[in-house]
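Chains as they are written, first to last, in this note's numbering: chain X, 1 to 102; chain A, 1 to 225.
It cannot be assumed that every hint is accurate.
Calculated cross-link-like contacts (lysine-lysine; reagent style DSSO-like; alpha-carbon spacing at most 30 Å) [to be verified]: (1) A:Lys221 x A:Lys38; (2) A:Lys221 x A:Lys78; (3) A:Lys220 x A:Lys78; (4) A:Lys38 x A:Lys220; (5) A:Lys142 x X:Lys11; (6) A:Lys78 x A:Lys142; (7) X:Lys41 x A:Lys221; (8) A:Lys78 x A:Lys38; (9) X:Lys11 x A:Lys78.
To spell it out: a stretch of chain A is covered by chain X in this simulated footprint if at least three of its residues, at any positions, have a beta carbon under 8 Å from a beta carbon of chain X; those stretches are [stated by the list, open to error]: (10) 55-62; (11) 119-130.
For the chain X half of the interface with chain A, some residues (derived, Cβ under 7 Å), not all of them [to be verified]: (12) Gly19; (13) Ala25; (14) Leu26; (15) Leu29; (16) Asn69.
No lab work stands behind these hints, which were simulated from the structure alone.
The beta-carbon is built from N, C-alpha and C at its ideal position, and this holds for glycine as well.
Now for the letters of each chain:
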Amino acid sequence: MARVVVDVMLKPEILDPQGQAVQRALPRLGFEGISDVRQGKRFELEVEGPVDGDALARIQELAETFLANTVIEDFTVRVQEADGAERPVPAASHAASEGAAA
Amino acid sequence: MTTRIGVVTFPGSLDDSDARRAIRIAGGEPVALWHRDKDLHQVDAVVLPGGFSYGDYLRCGAIARFSPVMESVVEQAKAGMPVLGICNGFQVLCESHLLPGALTRNDHLHFVCRDQRLRVENDATAWTSDYARGQEITVPLKNGEGGYVADERTLDELEAEGRVVFRYLDVNPNGSRRDIAGITNEAGNVVGLMPHPEHAVEALTGPTTDGLGFFTSAVKKLVTS
């Protein structure tokens, strides 16, 4: 079993009022020097079977169609190995696997 | 023959019974549709009501989009059936890509609940033919995530093609780009807006009866077509 982590963030040009509210609260709590906060979502997917190209292509697809709304959000996918090591999955591998499937 | 207009109930829908009542007052026959049932029961049009479908988990409307009933709604909407999305229904239409853009959290972070003045910018859609272009109406507005956003090119396109159907007057209550309260698709059969016309159809319960025109527009259009 391996874990795949999908991070979803609002695109830079989309206003993030929640992040701004967090940022504005920081000085009040005594935390100085934080100029900006953006808030996002993290999904941890426990994958049955091998995390191979096919599995990652499916996860890219589910991230793109469901976990993120790509009109307003960007997402990244990375694999977390059992020993804790992380392996980023470049977005290009999605396009490549799509090409292979077509 | 009366016009049959379906109203979908998702888990977490709130305004489905008000939508059905508005259809009845407008002279149509409301038909209750269930989110797990793909069958649209031969309705002539569909309303996606307000509320918090599937608890608004993930994103507003994101899970409702994948419900069985939406498969049929998307298919029929693409074939020209009139579809109106109100508030959460608007969010579902954007998530389904029947309408462009997305709804984000209100810029001031507060839930807003007020009687909202709007200007009707397009009186040629299936849901606005009983209004006049430029007419000002007042209907309730209540949302926490009603800020309409889209990229500049999409916004320019919507403006150029006359697809901004409603604009907020007096105040922009949620940070919507270009004061946009509602939009339509290219064909004019799919309309989505954040304000709630179904709550303004009777003097007893609404601030006005300005919302009735949505439902009489659809009933008339379908009787004559």
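Hint numbers contradicted by this structure: Failing hints, ascending: 7, 11, 12, 13, 14, 15.
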